[in-house]
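Visitor: Sequence:
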Amino acid sequence: MVKVEKLKINYKTLEEFKKFKEYGHQELSMLEDLEANIVENDSDSPFYGIYFGDKLVARMSLYQVKKQFDRYFEPSQDYLELWKLEVLPDYQGNGYGTALVEFAKSLGLPIKTNPRIKSQEFWEKMGFTPVHYDVERDRGENPLVWYPAGVTEQV
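Be aware that the sequence shown starts at 36, since it is given in my numbering, and climbs by one per residue.
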């Protein structure tokens, strides 16, 4: 059984993040978020991860977006934005990414994510679907969403 843990906001976590190879635009924001939050170890962390032994091998950041900013789901409600899910290359194919997504789903809120290159198939396998593109709302992104029971796309 894989255990998803809320990651502490500290310099040890920052060092572990540097082992992940992807540092594009979204990827850097995760590091910057972490650095900005290193005030106290007990700050409310948006970061979750899976350890193999004492090594962080998979991570994601999960932000709760308030109902008043919801432009995706019907009925309008708080939802989760899942950013930067990544599994270290040597640990891919072991269900760690799936475990992180299942953990996010277990929180019972709708989820929005922006898939990176070559990840569309993974997200579709996890039950995420594209939304109808809205130029103003989506600004060049191609969001995918997951709907819990009783939730549909906002039109």
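Bear in mind the hints are in silico, worked out from the structure with no lab data behind them. Note that the coordinates shown come from a computational prediction; the quantities given were computed from them, not determined experimentally. Among the clues, some could well be false.
[Unchecked claim] Calculated pairs, DMTMM-like style, for lysine to aspartate or glutamate (alpha carbon to alpha carbon, straight line, at most 20 Å):
| id | residue 1 | residue 2 |
| --- | --- | --- |
| 1 | LYS41 | ASP105 |
| 2 | LYS101 | ASP125 |
| 3 | LYS102 | GLU116 |
| 4 | LYS140 | GLU116 |
| 5 | LYS140 | GLU188 |
| 6 | LYS102 | GLU156 |
| 7 | LYS160 | GLU116 |
Visitor: Could you work out which earlier hints the structure fails to respect and list their numbers in ascending sequence?
Guide: The structure breaks hints 1, 2, 6; every other hint is satisfied.
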